[in-house]
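Asks: Kindly generate the complete structure, drawing on both the sequences and the hints.
Protein chains in written order, with this note's numbering: chain A, 226 to 502; chain B, 9 to 282; chain C, 1027 to 1281.
Think of the hints as simulated: they come from the structure by calculation, not from any bench. This one's a predicted model, so the numbers in the text were calculated from it and none came from an experiment. One should not assume that every hint holds.
Below, computed lysine-lysine pairings styled on DSBU-like, alpha-carbon distance capped at 30 Å [stated by the list, open to error]:
id: 1; chain 1: A; residue 1: Lys392; chain 2: A; residue 2: Lys410
id: 2; chain 1: A; residue 1: Lys392; chain 2: A; residue 2: Lys407
id: 3; chain 1: A; residue 1: Lys392; chain 2: B; residue 2: Lys101
id: 4; chain 1: B; residue 1: Lys137; chain 2: A; residue 2: Lys407
id: 5; chain 1: C; residue 1: Lys1032; chain 2: B; residue 2: Lys101
id: 6; chain 1: B; residue 1: Lys207; chain 2: B; residue 2: Lys269
id: 7; chain 1: A; residue 1: Lys410; chain 2: B; residue 2: Lys137
A short list of chain C residues far from chain A (calculated; beta carbon distances all over 10 Å) [as the list claims (entries may be wrong)]:
id: 8; residue: Ile1065
id: 9; residue: Ile1098
id: 10; residue: Pro1175
id: 11; residue: Leu1197
id: 12; residue: Arg1267
Far from chain A, some chain C residues (derived; all Cβ distances over 10 Å) [what the hints assert, rightly or not]:
id: 13; residue: Glu1075
id: 14; residue: Ala1115
id: 15; residue: Gly1232
The beta carbon of each residue, even a glycine, is placed where N, CA and C say it ideally should be.
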Amino acid sequence: MSTVEAPVGAAPLRLRAFRQRRRGVVWTRRVLLYGAILVAWQLLALKEGPFFLPTLDAIAFDGVPAVFTQGYAGTFAESLQQLAIGLVICYAVAIPLGMLIGLSRIADRFVMPFADAFFITPTAALLPLVILVVGTGLSFRVFVVVLFAFYYPLVNTAAGVRYNVAKYRELSDSLCLSGPAKLWKIVLPASAPYVVVGVRLGLGIAVQGMIVAELWVAVGTGSLLINLGAQRRLPEFFALTGMVIVLSLALTELVRAYERRLFARHQLEVRLDATQG
Amino acid sequence: MTRQTLDSLVASPGEEATRPFLRLDGIGMSFPTKEGAPGTLVIDGLSFDIDEGQFCSIVGPSGCGKSTALRIIDGLQPPSTGQVMIDGQVVRKPSLDIGFVFQHYNLLPWRTVGDNVALSLEVLGVDRKARAERASRWLELVGLRGYEDHFPAQLSGGMQQRVGLARALALEPRLLLMDEPFGALDAQTRVLLQEQLVKIWESRRATVVFVTHDIEEALFLSDRVLVMAANPGRVVADIAVDFPRPRDHALRADARLAEMKAEIWDLLHPGLHQ
Amino acid sequence: MRRRAKAVDVVATVAAFALFLGVWHVLASSGSYPFIPSISQTLTTLVTEIANGGLLRPAGETLQVAGLGLLIAAVLGIVVGVVTGVSRAWSQVLDPLVNAAYSTPIAVMIPILGIYVGLELRGKLFIVVTFCVFVIIMNTAAGIRQVDPGLVEMARSLEMSRWKVYRTVILPGAMPQVLTGLRIATGRAVQGVLVAELLLNVSGLGYYLVIAGSSFDTPRLVAGTLFVTLLAFVVLFVVGRLERRALRWKAFEAR
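Replies: Here it is in structure tokens:
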């Protein structure tokens, strides 16, 4: 049977060429601005001296190798390990709990006061209390990560589940799907994008929390940074900081890329995450 | 209720049904507004019978309750008064004997087209190996052969609705309910899909209740048109549509069709001329 | 049915509170957690500290820094947000930077903050501003971008000057999203100021909590933490109300 409707996604050749030319323009502008920033940095570093701002070459050739030879990378890896453990625990608890909240109004009203209270409290303010309760040992950092990150996967999963239960109610009713089958076949797969958003947001906050905690208690990478800063070993400081930032960005972007694919597959609109509070 | 395959549903000419296949008996629906206050009466005293194998349309303006009536028939919505009976049994909740086609397709976007149709088969308990092949057959029937591995996002609106139709048909239901299925599509796609639907139905007759606000659509497709007015929703006319089958595009230019269309319009909007 | 649902809501919320207080009481009165102050002790301390200014004075300092930081961030953020919202060129160039900055943990820079902005008020303000500004930029830009282009066309077709188009169509249209951004930024400002006070140990509520913690003064610590929660709640509540009042007209807009 012939169809008049064409499947979506075949862009004509002329449009594609136009888009490529535009992309070239965009990258030129970016390269210009970022290059200007780097040049300004270098000039300022040369002018003010190495104890104010290290030169880019100092960072690249002194700082970066030092990170490996001096074992900073090892400390950083250990911090990451703590982060990973914390995140696994966080997601393993927050996501199922979020599903429960999304499914059951009672669970929602019972759990959310606690979650909201934690969310409203500036997490930094909780640290003195946490220290007293947990001590500064191994579990402290894991606990902090869980505390900081918990809200986002919880709330986003709940929102996704709640939304999809309503959205697919008529379909699942008409197909006589209920209970576990409905959850497994419809609600959970439908909520995957929301879960991933929560995972990504939690990831970002967890990294921030981890760093604040390490800086405060002076352990791990945090204590390294404090020492390097105090000793004004700036090339190494910037090299290490750069690594932390790059890694945190890479992780977030990785999740975000997967998230974008999921959103496209689910025909959902991507909203700016900063607008989700 | 024993299940029958689609093929055995063709009514033999001259056969008298001892009881109607689908019966609505005094259906009323009101939705509560505030605590204790009497609600808005959306449907009042809806009663009609439909025979097996009939294609019956319900035509009415927006808000007359026709979509609500369809949901009551499916068992998705319990009526405030009255009852629906299918083959003598009261409908209390949805069953797999009734297929429902939604206006906004309601496809699962993370599943391929084939898997969307297979959802019906999963629910029926068809085993995994048979599912893909049977889903393909239904897709072929609606003209989407080869699209099994596409995702809904890659299809146009008309194609997505055809997947929705295939999914409902895959249940091999005794009753097919369609809620303004072409309402979300543009006019040309609508015409094409109507012609496709009528061909499919004529080859494998099922009992269909088709809700629409498009009078011409109703006349083109059906054996019978129930005209529903609003406030409250009630049937104001029951029109037999006896144009010969198979129906084709030429019917749209038929003078008698235009007459009936005007009659129905006058029923719904007395004094206004289209 | 609706009445029953509301009753369930209330019961569940009350039950949550009851559970919280119950667990607290049990843990405090059992011998095994001596550092957990009893509920009554905590409440007494809370009231006393509020009354004698022990909490209100640091609270004032904290809020002042947060407020000032928020103000600076708002000015910077809205300007940059408008620029990136309006100009595609600037957006292409700055958006990646803004997104990256939003996602990076600002706290890493704290150990060298002393070199550039100092550890006193300027340092704290720097942290607060960096916590807030990117959220404001992103929301302002989003707000401007979602202004109905049909309205802009209509205004231009009425031959309004560029400035007038901004004033009458674009800025009011973007306002809801801008206010949302400011509300989110308020939360982040409070977070930022407490991080700053925690790590820079200078003054304010963060400092109060650190001192209470390090001297094992658990009644003050718990009371102080509760106070911070209450304060944050009040601030966000007020800001939320303001946002809603300013956006009254939006509520009638059909979605």
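Asks: Hints first: check each against the structure and report whether it holds.
Replies: Here is what the structure says about each hint:
no.	hint	in the structure
1	A:Lys392 to A:Lys410	holds, 14 Å
2	A:Lys392 to A:Lys407	holds, 12 Å
3	A:Lys392 to B:Lys101	holds, 19 Å
4	B:Lys137 to A:Lys407	holds, 22 Å
5	C:Lys1032 to B:Lys101	holds, 27 Å
6	B:Lys207 to B:Lys269	holds, 22 Å
7	A:Lys410 to B:Lys137	holds, 18 Å
8	Ile1065	holds, 15 Å
9	Ile1098	holds, 18 Å
10	Pro1175	holds, 18 Å
11	Leu1197	holds, 18 Å
12	Arg1267	holds, 15 Å
13	Glu1075	holds, 15 Å
14	Ala1115	violated, 6 Å
15	Gly1232	violated, 7 Å
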